[in-house]
Structures are given as C-alpha cells and as structure tokens.
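Participant: For reference, the chains in residue letters:
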Amino acid sequence: MLEIKELHKSYPIGDSSLHVLKGINLSVKQGEMVAIMGSSGSGKSTLLNIIGMLDQADSGEYILDGLLIKNLTEKKAALYRNKFLGFIFQSFNLINYKNALENVALPLYYQGMKRKDRQELAMFHLEKVGLVDWAHHLPKELSGGQNQRVAIARALAANPKLLLADEPTGALDMNTSYEIMEFIQQLNDEGKTILMVTHEDDIAHMCKRIVRLRDGVIMEDSKIDQVRAKKNV
Amino acid sequence: MFDLDIWREIFQSINKNKTRAILTGFTVVFAIMLFTILFGIANGLENTFKKLFLRTADNAITLYTGTTSKPYRGLQIGRRIFLNNEDLDFIKSEFGSQIEYISGTLTRNYNLRNAKKKGDFTVMGVGPDYQYSEKAEIIDGRFINLKDYNNKDKILVIGRLVEDDLFERESAVSKYIDLEGVQYKVVGVFSDNGGDSQERMVYAPTTTIQKLYTGNKKLDRIVITYNPKLTVDQALVLVDKITLKLKNKYNIAPNDQRALRTGNRILTEKKRLDNISSSLGILIPIIGFGTLIAGILGISNIMIFIVKERTKEIGIRKALGASPKSIVLIILLESIVITTFTGYIGLLIGVGALQAIGSSLERYFITDPGVNLSIVFSATIVLIFAGTIAGFLPAKKASKIKPIIALRNG
Ligand SMILES: Nc1ncnc2c1ncn2[C@@H]1O[C@H](COP(=O)(O)OP(=O)(O)OP(=O)(O)O)[C@@H](O)[C@H]1O
Ligand SMILES: [Mg+2]
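Chains A and E are the protein sequences, given in the same order. Residue 100 in my numbering sits at position 100 of the first sequence; the count goes up by one each step and never skips. Residue 619 in my numbering sits at position 386 of the second sequence; the count goes up by one each step and never skips.
Bound conformation, chain E alone (with noise of 0.2 Å):
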C-alpha cells in the first residue's frame, strides 16, 4: 500500500484543495521564519560578544598586588605587596616552557611635549616581550628590543594617535618627545585594535622609567603570556601555580585575596563568554522552541479543521473500504508533506531575512547574522517531527469517524 500511490492521493488532495493547504502552509511558514531569524541574530549576538573579548592576545594572564589581609607567618595584616624585575626571571625560570612571553609594567601619566604641541599621555613601561601580549603592532619603526632594555634607553613607542597629536602629518619615528625634562627618542608607531585609548599610549622599557622617576626596581604588573598549546583548564592550573609560589615567596597566606590578584583574560572572558552564551544559551532554546509549539499547535488546529472538513470524503473512502491505517496515512503525510515543504519556504524566507539585515544591524551588537548547516539540518527534522506530531492527533480521530456519522452529515 506504501507505494507511489497513496503519494498521488496526497499530492491530488493538497493540488485540489490549495486554500486548505496555504491555510496550513502559512503557519508554518510564519513560525519557521521567526525561528530562523532568532537562531541567526542569536548568532549574531554571540559574534559580537566574541570580537569584544578577543581583542587582546586571549591567552593572557595579568598579576596585580594590593595589601594583605590575613596575617601569614607571623606577619600581620596590611602589609603592602609589590612585585619587582626580579620576580620575572623567578617566574621564568620556575615555569620556562609553559610561559610564552612575559613583561613587567608600570603605569605613569605625564606631560609630553615637543616643538610645536603638547598633552597629558599616559606612559607605560613595558619590556620586549609586551607587544605580543597586547597584540600591538608595528606600522612604523619597531618595538622596545631587549637592548633598548638593558641599557635603559631613553627611547618611546608611541600610538598612532600620540602621532596624530604631536607631529600632524609628519612621521614621528627618529624625532624626539620632551617627557618632564628628559628627551626621548621616538623608535616606533603601533596601532591598536583594542581602541582608541590603547592608541593614545605610550610604551618606554620598564628599566628606564624605574631609573629615571621611581627609583627602584617595583612594577605595577606582570603580564604572562602563556603557551598557547596550553588547554583553558591547563592555563587555569598554571595561574594558580604561580600564584601559589609568589605567594610563598612574598609570605602571602594562599588563601589571601587581596595581596596577590590576577586578572587573567582567559577566565574572566571565557567566564563572560559562557555567561553571555549561556544566557543566550537558554533564551534562544526557549524563544526558539515557544515558536515550534506554537507552530505545533497552529497546525493541529488547522488539521483538525481539515478532518472536520474531509468528514465526509472520509465516510465514502471508509465505505469504499479504506482501514482505518489508510486514513490515519492519507492525513498523516498530507500534514508532514504541508509542513516540510513551506517549512523549507520558511526556512529560505528567514536566511533571506538575515542575509538582507547583514551588517546593518552591528549597532545593535549583531554582527553578521545568520544560521548554519546543522541548524538548517536540524530545523528539517523537527519539521518532519512537528508535522507528525501536529498531524497525528486529528489522523487518528478521524480514522476513527464512523462511516455513517460521516455519510449522514452531507
């Protein structure tokens, strides 16, 4: 019985009854339109989550002190901590191949100036190493080498807007920069894609800020760079790691919060990121599976309506000696051939939605919107699925409809 057949009795009864089936047809067009659409801006949101965070090198891994505040040792509480260059051969030799790359900071803001402009500046003292940890790069000129480093040259690497500011138009690599009195020497120009304020920063070696204004070998930061072969989980073992032997070194009690921090990107973003995804993780599943049940029951209902309406044809099929299984087939397919072919229409209307938003959204944190090939894979067996479901109900009620019932209702 399962033959070309009972598709010609289906496709004759949808051709013949075109109305019927738009009626069906339209419903599900609506709800897998909307349920494509909110999949791809659902994407769309997650895109652009990810290009906020990953901006800076993602694998790294920045330590902070503070005071402390749980007495350690026999010391007390309140205790001021604070890192030094030494600290970064310790690191370095106690964990070698796991770090990457790893430098010393110290932030200061001054006054630069030169012949013809001036402006307040934030100045970084930085090692060679920092560029590959900020992802900055290099448009003109070069970075801080490690000679510049040891000598404590009295050389910058400026952004590209410091070189907007103070030189216009003209090339500031080679010229020179007044900072508090001292003359330095422009080396390199770096752009940024972090933003405008890592553009407006000032890189100098570390070793020459330290000589010159603190006067001593203290930094603000470390920044690590850790192998990026390393897992997510590995990363977070080895933070803990170094921490944990700072600590010792500095009598920090291990469990004291605030003596020793690390802002590591890695977890805080993936933290966020997960957050974010999660969230909409949840929302999208739920939005997503809101339209389908309605979608569901839209076509239950129109199903339903379809029996009431076939009451009759029924009876004379059933008189003419159609089982009850036959019926349940002929509505059965009819629902499910209705919904995956307008599903698809749905489907096509939608990515064709999403394709004509494109890029004109990203104000809206949406950043190329769109669904992918398991989804729309997917989506096409939740149709079949839907339309079964929504089919099944009104098929067995009507291969239940009593011949007689049905012939006496013409």
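One chain only, chain A, in its complex shape (with noise of 0.2 Å):
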C-alpha cells in the first residue's frame, strides 16, 4: 500500500535549515491501522503531510499504491489526492460557508460526479456518521464532535485507498473522541488503511500499531493488541 524509503525533509529557517525528518523508513500494508507517535516538534505532521502530498521530501522514495510519488505538477497532485486521499485534520478543515452535505460533497465535485449523485453520495455518508438530521446545518452550527464526524463522513466520501488523520480527537473531549475512534476502527474493521498522528496513548493503542519518532527517525515501530473504543463509551 505504501512504501517510504531513506525520506529526508528540512525546512529553511533563515539562513540556516532545520533537518526535520533524517531518513524515514516505513510501509503499510492494505487494512492496517497505525498510530504516530512522538514529541511535539518531532516531525509527525511533516510526515503524514508528504504522504498526503499535501508537501513533498527533499529526498527518499515514497510509493503510494504501486505509484512513485515524485516531482507531481500541481495538477496530478491534486488529481492523487483525489483520488486515493482522505483527510482527517485536528481543526476539521470544513469550508465555513458550506452546510454539512455541500462539505462532504465537496470532493465528489473534485471527481467530477453529477450534482444529483453527489448529495446522494454525500448523504449516505453523512447517515453513516449519524449526522442526516444535521445534514443542512453550518459547521457552526455544530459541535466539535458533530463537526468531526462530517470532516470523516467527507474524508470517505471520494472513497479513498489511505485515510491521513492528524490528531483527529486533538480538540474534542474524551467522550468525544473515543466516539469519534470508534468510527475510524469501524472504517478500519471494513478495511480502510489508515494512518493517524496522535499524542495521546489511550488513543493510540486503539490503533494496530504504533510508529515512534524522535530526533527526525522512527525509534520504535511495534504491532499491539488493538483496544475497542466501544468499551469504553
């Protein structure tokens, strides 16, 4: 599904230039769940942004589906993103003017998809996150949980390959966000990989796997006994 091979990353800061990621070396297979894990600063984000080809390495390979991710015009970029991307980020990302269903709409009118088929699409979705009553409401107008749940129902939406999930809980309460977990394992359990940054343990070990950084490399990489959120709530 993905293979990431001796990956450097460095920004620029004045003259100098900060090396943030010193050669990553990592894959994921088809169905997995992993958690990233590390300190703030560590180079998660920057990570989980080059796979989503939201920002490109400096140096390294990195094969998304069989397909070599580099040099992308913009256009292919966005046509990759669209095609085999989900996003899931830690402030929701939701387009302010846009009521619920025309936000997970959005990326099925990226594909092209009729308008008709589209907010069925969209709809269906937005039922499986529990959010049809809300469907024509502002994310304003909704609660952190509710406006999470439609940043996933969207994420799904185009049907991805990979779902990209920077602290998706990171602003919710805990009831909230292991509600918000049991959606993801669902989505895992129907087989969706998915890679998810996260700073808190709780949450991690309800993924299948946990990738550790620090000082720019993966330090531990370990499968672990997944914990139900459901059991939980």
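Hint data in this document are derived by calculation from the structure and do not stem from the laboratory. Don't take each hint at face value.
Computed footprint of chain E on chain A; a stretch qualifies when at least three of its residues, placed anywhere within it, have a C-beta under 8 Å from a C-beta of chain E [unchecked claim]:
id, region
1, 26 to 37
2, 140 to 151
3, 171 to 184
4, 198 to 204
With a Cα cut of at most 35 Å, we get these calculated DSBU-like pairs of lysine-lysine [as the list claims (entries may be wrong)]:
id, chain 1, residue 1, chain 2, residue 2
5, E, K633, A, K70
6, A, K161, E, K635
7, E, K251, A, K116
8, E, K408, A, K76
9, A, K98, E, K541
10, E, K408, A, K83
11, A, K75, E, K545
12, A, K76, E, K630
13, E, K541, A, K75
14, E, K635, A, K22
15, E, K633, A, K5
16, A, K161, E, K541
17, E, K408, A, K140
18, E, K408, E, K451
19, E, K545, A, K114
20, E, K451, A, K128
21, E, K545, A, K29
Beyond 12 Å from chain A on every Cβ pair, some chain E residues (computed) [stated by the list, open to error]:
id, residue
22, D238
23, I549
24, S632
25, I637
26, I638
Just so you know, even glycine gets a beta-carbon here, dropped at the ideal spot from N, CA and C.
Put the two chains together into one complex, using the hints given.
Facilitator: Structure follows, in structure tokens:
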C-alpha cells in the first residue's frame, strides 16, 4: 500500500535549515491502522503531509499503491489526492459557508460527479456518521464532535484507499474522542488503511500498530493489541 | 468542469460572503458611476458647443477685402481693394451650381425714427438671397425680393426687437420709417435665433443704400451659401477657387492674405468644434481611463484581500483535489461576476444622475448630458475586461498557494 525509503525533509529557517526528517523507512500494508507518535516537533505532521502529497520530501522514495510519487505537478497531485487520499484534521477544516452536506459533497465535485449523484452519496456518508438530521447545518451550528464526523464523512466520500488523520481527536473531549475513534475503527474493520498522528496513548492503543518518531527517525515500530473504543464509551 | 456547478459555487460564495462582495462592488459602482457621469457631462458640453456654433447657416462663406500686403504685377502694396455688384454676377457665372445663394452686403449705422420714437440701428444692405444665408425667419410680411432690389426701392425688413422698439405693440408692416430724412416702408419683420444683436438689425436692398448714400457699387462683403451637397472638403476647395479667381481679377498676389479674406464659417467652426471636441476628446478618455484604472486597482486590492481571507478555504479545496486551474476559475469568475453586476448598478446610478441633472446645468454649458447605447455597451465590455484583469493576478496567486501552508494558517 505504502512504501517509504530513506525519506529526508528539512525546512529553511533564515540562513540555516532545520532537518526534520532524517531518513524515514516505513512500510504500511493494506488494512493496517497505524498510530504515529512522538514528542511535539518530532516531525509527525511533516511525515503525514508528505504522505498526503500536501508537502514534498527533499530526498528518498515514496511509493503509494505502486505509484512512485515524485516531482508531481500541482495538477497531478490534486488528482492523486482526490483519488487515493482522505484527510481528517485536528481543526476539522470544513468550509464555513457550506453546510454539512455540501462539505461532504465537495471532493465528489472535484471528481466531476453529477450534482444529484454526489448529493445522494454525501447523504449516504452523513448517515454513516449519524448526521442526516444535521445535513443542512453550517459548521458553526455543530459541536466539535459533529464537525469531526462531518470531516470523516467528507474524507470517506471519495472512497479513498488511504485515510490520513492528524490528531483527529486533538480538539475533542474524551467521550467525543472515543466516539470518533469508534468510527475510525469501524472504517478500518471495513478494510480502510488508516494512518493517524496522535499524542494520546489511549488513542494510539486503539490502533493496531504504533510508530514512534524521535529526532527525525523512527525509534520504535511495534504491532499492538487493539483496544476497542466501544466498550470505553 | 465548466458547467452549472461552477456557477453554483460562485453564487454561493458571493451569496454567503455578502460583506466581501459589497466591499468589492462598492468600488466598482463608484468607478463606473463616475465614468458614466463624466462621459455624460462631456457629451453635454459638446452638445452646447454644437448648438452655439451652428446658429447661422453652416454652409455660408463670407468674403472681405482689405489693402494689399504684397506687390504684384508691378502694382504696389497698400492698395485698397473693393468688391462690387459685378463680382456677384462674376462668381455666379464662374461657379454656377456650386453656389446656392449669393448676396453683397453693406453695413452702416443710422438713426431711425417714426412719429413716436427713434433710435440708432445697424442697417445692412443685402440682396434677396441673404435671408437664407442668415437663416432669418420672417414672422410678418416678407423679405426683400428681386423686384425691390432691381428697382432700388426704399423698403426695410426689420428685426423683431426693432419693431418692439419703434412700434411698441403695433405691427410695423406697411408703416414708414424715416432714415436720414428719407421715408422707407417696412415690408417685413424677422426673427433670428442668432441672438439679440441679430434681431436688432435692419435690412434694406444693397442697391438702395448704394444709390442713396454711397453713390457707387462697392460692397463691404459678399456672403455666399454653397450647395449643401458639397462635402466640407469640397467646400474648402471651392473657397480656395473663388478667392483665387477674385485675386486674379483684382491683381492681388495669390499668397496675399490681407487684400482678400474669407471668413468662412464652415472652416472656422469646424476647426473650433474640432478643437473643442478634440480637447474634450483627449481629456475625457484620460479622466475616464484614470477612473477605470483606479477602479481596477481598487478591485485588485480587494481581490488580494479576498484571496488572503480565502487562503484556508483554498487549502481545503486543494487537499480535496481542486486543481490550480479550478482555483483560478472560481476567484476570477467571482471577480468578473461582481464587477459586471455592480458595474451595471454604477451605470444605472450614473445614467439616473445625468437624467436628474437634465437641463439644470445649462448655464454651465451642459446641454442634454447623456450617454448613448454604444457607450453603455463598450462600458460593459470594459467592465468584464476590468474584472478579469483585477481578478487575474490575485487568482493566479491563490492557485499557487501550497495546501499545507494554507491549512497551517488555520
Ligand atoms: N513550513 C515550515 N517551515 C519551517 N519549519 C517548519 C515548517 N513546518 C514545520 N516546521 C518545523 O518542523 C518541525 C516538525 O514539525 P511538525 O509539525 O512535523 O511537528 P509535529 O511532530 O507534528 O509536532 P506537534 O506534535 O506539535 O504537532 C518543528 O520544529 C516545526 O517548527
Ligand atoms: Mg503536528
């Protein structure tokens, strides 16, 4: 599904540069659910953004679903993002003047799907996250948990192969966090590959594998027994 | 991709961000309103000038004489040249159909009196054709005719204000006026849209003035109205030919500008109108262009601000698979839609303002200010163009925003 070899990334800071990723090697198979952990500033988001083609690595090899991701034009990157990837962010990143349904339908719009079809499909995904009754509400009229569920529905709408989540529960209280994790686990049960950045140990243990970053390299990578979110609610 | 959906996106974006749209729109409304009003006022000025200069027949040519300023054919300079009655026939026989009306004039000031009143007036000896050259309109009686002219009859045609002065409320026709001891019969009264001084004129047959006061056949001026079918250029050629013929006849050097002069209204007026229009023609586009540029800059600025405000949205759209092209398109189309729509509002306000001004500014030389359809049409094109230019750079910039940067600034 995903193959990363000797990935390096540094950011220019004034005259010098900050070496953030110093040779990452990571391989993720179809159906895995991986938590990326590490202290603040260790490069978790950087790694996830490169995987999400929102950012580019300086060197190294990145193969996604058999495709070498290198020197992509903006247009190509947009196409791949739309086809392969679904994003869930800590701050939801919904478009504030669009209602829940329209937000969920947006990636389908960029796929060129017909209006009627994409509204139907968007509604289907909203139903999955239990928000049919809220379909016509704006993000500001929804709670944090509801907004994150809209974001999950949106990430799922385009039927991506890989779901990337950067601290999806970071802005939520514990109960809501577990609710969201329950959804994500459910998606994984259905076969979606999931990569998730998190700070919280309990959230990380709801995944099936934990990758720990320190000083720009992976210092620990271990399979774990998944804790189900359901029984914690 | 270029279908109803993109328009839905644009109208939703405008609709849900009204403050933003109003902000942009206001600049455009103002620019276009100013643009329209300026154009309208310029048209009003032009209308005034046209009206001012086209009062007398615009195809009239006047010939004057003076003293020679160049020696020619052995003759010395300083010779006084006079035109006379024979020149009328000479010109008519030489130029025939190119000439519509011709008449010689003699102007003198005399004291006119009747039983009740008296006053000093300008008396002008003219031929029967003169009525048409001056565009004098007979309101009572008739103008001087050929019989009066040939018989050297003692008759007068007086201006409306002369009648008012000497006859008060009564009709002057068939009454008599004493001119330096000679009794003249009034045969007609005229009005003239050339102003008060024209309506204070008194016309008599040239031949009568010559017989009774000057004792010769000399004329002050010859007024010719050329065939209206001639173009301005052909008329100018005609003027040149007439002066050359006369110069030859009177032994005047062809390049002598003083001995024989032409006051031809077409030329001077056309020149004057051209000057005024061309200075307006230069000024107005400059002002108009300036307004538009200011408008475009204003919109550009606001669009840049809008792009900043929408950075995060653009980042989200890109993360969801929006191509750079589609980003350019939504920003650009939004700019064009707002400019075109609010531009129209500006145009309507401007046209409304011009209509409200109407005739109230006539004393500032503005007559019937207004804009015509072709200006409205070109303004629309300019608007769309302006919207495109104003939106393009910010849109281009927006499309280059890296999604990661856009999302981080959340
Ligand atoms: N665009 C950038 N320009 C310069 N430095 C950057 C940029 N993005 C990230 N960094 C730096 O790179 C380092 C890694 O950042 P990253 O966001 O990947 O950390 P993180 O592990 O996600 O941290 P956190 O847990 O706080 O989210 C940090 O020191 C950060 O300041
Ligand atoms: Mg981070």
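Participant: Take the hints in turn and mark each one as holding or not.
Facilitator: Tested hints:
1. 26 to 37: violated (count 0)
2. 140 to 151: Contact hint for the region 140 to 151 of chain A vs chain E: violated, 0 residues under 8 Å.
3. 171 to 184: Coverage by chain E is violated for the region 171 to 184 of chain A (0 residues, Cβ < 8 Å).
4. 198 to 204: Contact hint for the region 198 to 204 of chain A vs chain E: violated, 0 residues under 8 Å.
5. E:K633 x A:K70: Holds: E:K633 and A:K70 sit about 18 Å apart, inside 35 Å.
6. A:K161 x E:K635: Answer holds: A:K161 to E:K635 is near 23 Å, not above 35 Å.
7. E:K251 x A:K116: holds, 27 Å
8. E:K408 x A:K76: violated, 102 Å
9. A:K98 x E:K541: With a Cα-Cα distance of about 19 Å, the restraint between A:K98 and E:K541 holds, given a limit of 35 Å.
10. E:K408 x A:K83: With a Cα-Cα distance of about 105 Å, the restraint between E:K408 and A:K83 is violated, given a limit of 35 Å.
11. A:K75 x E:K545: Holds - the C-alpha atoms of E:K545 and A:K75 are around 19 Å apart, at most 35 Å.
12. A:K76 x E:K630: Holds: A:K76 and E:K630 sit about 19 Å apart, inside 35 Å.
13. E:K541 x A:K75: holds, 22 Å
14. E:K635 x A:K22: holds, 23 Å
15. E:K633 x A:K5: holds, 28 Å
16. A:K161 x E:K541: holds, 32 Å
17. E:K408 x A:K140: violated, 96 Å
18. E:K408 x E:K451: holds, 29 Å
19. E:K545 x A:K114: This hinted pair holds, its Cα atoms lying about 26 Å apart.
20. E:K451 x A:K128: violated, 111 Å
21. E:K545 x A:K29: holds, 32 Å
22. D238: violated, 6 Å
23. I549: violated, 5 Å
24. S632: violated, 8 Å
25. I637: Answer for E:I637: violated, closest chain A Cβ roughly 4 Å.
26. I638: violated, 9 Å
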